[in-house]
Amino acid sequence: MRWIKYLILPLCGYLLFGCSGGRKPGEKIVEFWQFWTDPEARAVIQQVADEYEKKHPGTKVRITDLTWSDGHQKIVSAFAAGRPPDLLELGSDWIAEFAAEGVLLDMTPEKMKTEYLLIGWSPAMWNDTCYALPWYLGTRVLFINCELSRMVGLDCRKPPITWDNLIQWAEALNNLRPQAYGFGANAPEKHRLYKKFLPFLWSNGGRILSADGNFSIIDSEVAVTALDYYIRLVKQGLVEKQTVLDEMFAGGRLGMVISGDWLLKKLRSAEDAPEFALAMLPYPAPGRGGRISFAGGEYLAIPAKAKNPIGALELARELVNEKNSLNLCIATGGATPANVPALQNPYFVEDEHRRVFIEQLQSSRATPPHPQWVYIEQAVEEAVEKAMYERLTPREALDEAARTITELLRED
Amino acid sequence: MRVPHGKQWAGTFGLLLPWLITFAMFWLYPLAHSAFLSFHDYNPLSGAMDFVGGLHFLRLFSDADFLQALKNTFVFVVGTVPVTTILALALALGVNRKLPLRGLFRAGFFVPTLTATVVVALLFVHLYTQGGYLHTLARMLGLAEADRGLLLDERAALLSVMAMDIWVSAGYYMLLFLAGLQQIPRDLYDQADLCGASAWQKLRLVTLPLLKPMTLYVVLINTIKSFQIFTEIFVMTQGGPVGATSTVVYFVYREGFEKFRMGYASAAAYVLFFVILAVSIIQARLFGFFQRAER
Numbered sequence: 001m002r003w004i005k006y007l008i009l010p011l012c013g014y015l016l017f018g019c020s021g022g023r024k025p026g027e028k029i030v031e032f033w034q035f036w037t038d039p040e041a042r043a044v045i046q047q048v049a050d051e052y053e054k055k056h057p058g059t060k061v062r063i064t065d066l067t068w069s070d071g072h073q074k075i076v077s078a079f080a081a082g083r084p085p086d087l088l089e090l091g092s093d094w095i096a097e098f099a100a101e102g103v104l105l106d107m108t109p110e111k112m113k114t115e116y117l118l119i120g121w122s123p124a125m126w127n128d129t130c131y132a133l134p135w136y137l138g139t140r141v142l143f144i145n146c147e148l149s150r151m152v153g154l155d156c157r158k159p160p161i162t163w164d165n166l167i168q169w170a171e172a173l174n175n176l177r178p179q180a181y182g183f184g185a186n187a188p189e190k191h192r193l194y195k196k197f198l199p200f201l202w203s204n205g206g207r208i209l210s211a212d213g214n215f216s217i218i219d220s221e222v223a224v225t226a227l228d229y230y231i232r233l234v235k236q237g238l239v240e241k242q243t244v245l246d247e248m249f250a251g252g253r254l255g256m257v258i259s260g261d262w263l264l265k266k267l268r269s270a271e272d273a274p275e276f277a278l279a280m281l282p283y284p285a286p287g288r289g290g291r292i293s294f295a296g297g298e299y300l301a302i303p304a305k306a307k308n309p310i311g312a313l314e315l316a317r318e319l320v321n322e323k324n325s326l327n328l329c330i331a332t333g334g335a336t337p338a339n340v341p342a343l344q345n346p347y348f349v350e351d352e353h354r355r356v357f358i359e360q361l362q363s364s365r366a367t368p369p370h371p372q373w374v375y376i377e378q379a380v381e382e383a384v385e386k387a388m389y390e391r392l393t394p395r396e397a398l399d400e401a402a403r404t405i406t407e408l409l410r411e412d
Numbered sequence: 001m002r003v004p005h006g007k008q009w010a011g012t013f014g015l016l017l018p019w020l021i022t023f024a025m026f027w028l029y030p031l032a033h034s035a036f037l038s039f040h041d042y043n044p045l046s047g048a049m050d051f052v053g054g055l056h057f058l059r060l061f062s063d064a065d066f067l068q069a070l071k072n073t074f075v076f077v078v079g080t081v082p083v084t085t086i087l088a089l090a091l092a093l094g095v096n097r098k099l100p101l102r103g104l105f106r107a108g109f110f111v112p113t114l115t116a117t118v119v120v121a122l123l124f125v126h127l128y129t130q131g132g133y134l135h136t137l138a139r140m141l142g143l144a145e146a147d148r149g150l151l152l153d154e155r156a157a158l159l160s161v162m163a164m165d166i167w168v169s170a171g172y173y174m175l176l177f178l179a180g181l182q183q184i185p186r187d188l189y190d191q192a193d194l195c196g197a198s199a200w201q202k203l204r205l206v207t208l209p210l211l212k213p214m215t216l217y218v219v220l221i222n223t224i225k226s227f228q229i230f231t232e233i234f235v236m237t238q239g240g241p242v243g244a245t246s247t248v249v250y251f252v253y254r255e256g257f258e259k260f261r262m263g264y265a266s267a268a269a270y271v272l273f274f275v276i277l278a279v280s281i282i283q284a285r286l287f288g289f290f291q292r293a294e295r
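The listed protein sequences correspond, in order, to chains A and B.
By the count of my numbering, the first sequence reaches residue 412 at its end, each step adding exactly one.
By the count of my numbering, the second sequence reaches residue 295 at its end, each step adding exactly one.
Bound-form chain B, shown alone (with noise of 0.2 Å):
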């Protein structure tokens, strides 16, 4: 391997010099200084900082509207991630069959996670208002009240947002999935058709264990993605109706953007960040991902 010599480094470093700027400035600094201002309390309009220690994290603990924010977005996330990952999962088996329309069913199934978020939510405030198409089927199905829409119930309002969430993401995770797929050799399928398996046989013994690598991949991002639930939120439900939809990042922008108390929001995003990492380290474990690694 040739070592790159001064000249080289320079240029090297240079072209690497615009995003290392952005990444101290947009990534790094925020980092930083969120951390700093955790052990803070400040006042952005007064500009006055005070050092208060990890009083904001003990307080984060008997704070019932933080509690119960972080046990909704633990819902969430144990709620969407297993029902998308199959649903995406058996969506990509389904389109990578030779069926006929193929490319306009993965085309169907991929355009809800091109859409905005914000547009999808508002088109699901109105389907789920009192009145809308999702409101009325579930009176039908005895499921929701009359007098008021499924957002506003508050035994369905999360389930309702976390329904929305599963029909939006499950495109994209498909299309991951179809790409692992199509990484496994077809000759291993030949083999076990030799060997007489059946399909159910195919699936677990080839398909699965040759696409644990890409699960692993979706199950993370996905995990990640719905600890930090937020558009959604904020456009359909602003955490209600009382609370039953506050999610921790929620939080976080209610605490620092509209109370201004930068430094218990921030206490508050470095538990999420914890609490993301555990989850993310368990999830590796669990798939094997470190054993690999090391091996």
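Excised from the complex, chain A in its bound form (with noise of 0.2 Å):
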């Protein structure tokens, strides 16, 4: 049995010291997770980290790639197990949760020092105080089918303006062809849902939280309102899921649809998608309210256990400047930079559609960051959802959201 001690020493040996990760001695780690993974994004952000260890010798970035899909168990996991990575991109309302339990570090000085070069704060805060970098931001927008609006002589390039309109040409670009649909409405899909219904809400002046955060108004006046107006710009119209909108609008099957910059690259890229234009959300009815859509994100944050936290801090610096911002956004063709003097390239300024989503941009609203945010979505989201299925009206709907979500800030 001698023989087994050759066996069995080479692998002690690989346990003990194969599993540093090639790591130097001396040499200093970044670890960095990240979720942009098609291959040219990912491509730019290996190019930011090999500049990165050019510019800091002795210092190697080490980066992790999470999905959106389970991308916040993961990170859950490793602020459990108390080994969370250096550097982390944060989806921007997933900040509030983790700020409030302790486990990321105070980034106000550097807030005090970017907040002129970066837009987009408010989900980053929590208490006061700030959490993450903004890096990337999103909002949602209409998008109108310009051939099947000429069908019923509609011009693509004057969009409706109020909700009004928008029902009337839903019903006008109904059915116009075979399987073809006037508006296409998202399915109760888990956390997609509340991001379409949330700027109805807020453009017709309705909040979810009271201004102290002790208590739930999203049973106001105005929020009934706003839920009956959706339930009603529903029915024009067909109900899927994202994705399957995405494809339908792309494949010149529906006539408006409210989505993101990933489906201007779609409509880009596809070599038979229908000549579309893009528009700013309507208001309420005209002069009254808002056009307020919804504004997502992703942030860069740093864990209060990093082991590098100034090395973190310095790759997040070089993530969201300008050069790098614009060059991942080229790289995806649909993304929105935080960074204002990439904001203000030609890349966006001179470009008609890209031009719409920053403006849209200007007037959209982040979710009210919260610790319970993930149980507050949810109790809309089934409000929604209980009214598009006739479950309960708007008005019982929204009094049953209202309740419990004020149950679940007293508990907090």
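FYI, nobody ran anything at the bench for these hints, they're computed from the structure.
What you are looking at is a predicted structure, and each value in this text was computed from that prediction instead of being measured.
BS3-like mimics (lysine-lysine), calculated; alpha carbons at most 30 Å apart, straight line:
1. B:259 to A:307
2. B:259 to A:190
3. B:71 to A:241
4. B:259 to A:74
5. A:190 to A:241
6. B:225 to A:241
7. B:225 to A:74
8. A:241 to B:259
9. A:28 to A:60
10. B:259 to A:305
11. B:71 to A:190
12. B:202 to B:98
13. B:225 to A:190
14. A:74 to A:305
15. A:55 to A:307
16. A:241 to A:74
Chain B is nowhere near these chain A residues, computed Cβ spacing over 12 Å in every case:
17. 35
18. 43
19. 105
20. 115
21. 153
22. 155
23. 165
24. 205
25. 284
26. 298
27. 309
28. 314
29. 332
30. 333
31. 347
32. 406
What follows is a set of in silico ranges between Cβ atoms, one per label pair, in the way DEER data are often shown:
33. A:70 to B:199: 51 to 57 Å
34. B:114 to A:351: 46 to 52 Å
35. A:269 to B:31: 47 to 53 Å
36. A:108 to B:27: 44 to 50 Å
37. B:212 to A:399: 53 to 59 Å
38. B:99 to A:268: 51 to 57 Å
39. A:67 to B:111: 26 to 32 Å
40. B:167 to A:108: 54 to 60 Å
All residues carry an ideal CB built from backbone N, CA and C; glycine is no exception.
Using the hints, put the two standalone chains together into the complex.
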């Protein structure tokens, strides 16, 4: 059995020294977890990491790719195990959840330095403290099929500007072709449905939480009007999942859909995409309310237990700078940077479609930062779902949501 | 019988050790830890662990979402297990005969089982979506609404997932029944022929009684698997619309891994465990399993 030692010794050596990931003595590591996985975007992230390593000899950037489907779980597991990375990309509505548990580093001093350079700070704030740097922002706009519009004498360059106009357009564009619909409404998809309803609520002057954050006011009269309108709009077309709606719009089977910059990228790369126009979301009525859309985004945060927080901050600064933000946008073809000088680049300003996104972004709103957001979101989505499926009237659905959210806030 | 001595025990134990370690680490420990968690409020982010006694279990039975998930799970089990079992038996009887291309049929029925559940689920999402083949067929039969796919229709969503599950599982259980059929001695059928038994009598008096142990196995395994339905729901419907397809394991997943209420999710998982245990005992009793074991 002596031969066994020849097998066991190398194995022990590998386990002891092989798991260090090829780290050289004295070398520093910046562990970065991020969600850009498509090859073009990933290449830009790698390029930023390579440049960072050149500028900081003796430091290596180790990138781990996450996916939106299970990234949140992996991040929570890493925090629970006490082994978070040094730098972390977070979705805008996750920051308060992590900040409230004290697992993120205070980045307020960095905010003071870069406040004028970046936009989209509100989701990064919790209890007047900043916990992340805005990196990329996203909003939703109205996509209009110009070919279908022309068939009924509507000009897609003069888009609907009030809620009533939007319903009239949806009615007019419905059933113009077999299996074609006037408006594409989101099915009850988790983490998506609320993003489609909240713009109507906000535009009509409604809010989810009271100013002091102690109770919910989602049952206000303006909120009920908004949900009532949203349900009427949903009935003017097709209810499907976002991916199917995007696919159908690109295939010329939807008159209008509210979607994000990923659809713009899809339409531009599709050979047989219909002629289309983009517009900001409409006002509730002439001279009343706002044209508010949903603002989401991706943020860079440093965990409180990061081993190399200084390296992480330096890398974060590189990632959010004008050149690198712009490069990533160009590579993906569908992202909006939080960096103000990058936003002013001709790439955005001289592009008729991207200009609409930037304009809409100015009047977009993020969800209220709250550690219980995942539950609040569920209550909002359940209310919209129950009204869509006529289980409850809009009034009953929002009353129920307000009660649920207020109870959650009291438990908190 | 030879009783192994010390050295042999050590050898046997040594050979079993890798399995025992894996069993303890990945089965026993999580099982015990989740039982412990079900009596606590545990926040994985802060690491805080507060003892709450049986509160989670009490809350579960007044939680409308959990009750809806439990009801859907029962509907799923009651709707799929008998149909799958009868279909699998019928297919097994069919392909047990000397038919042309019998091998092709056997393989064809079994192929869905070999395909990854996620792949099958994604395929069916396309078939069920608005304008998809199965949605169009359902519309022609007046069973679907024009403006939404089958998985977005409150009445049709769970039935659609159940139909897919039956299609996927029937082939696997067919194979088990086929193995059971081939164990039945040929002489019994010859004797039945001599007695002038009809095909129906042979099925009722010879085949089905001798297939009873395999039928119990099929029903038990299928029931347990159906109670644990998750992947199909996760990929196809995420429990919607309006909770129409939410099942207990999907509820456990949402509570545990989306809301990080680990204690509450563990309590729900234990409720499901006891439900499955009770149903399995009832099924085994109905099939007379315990009487046979006692004899």
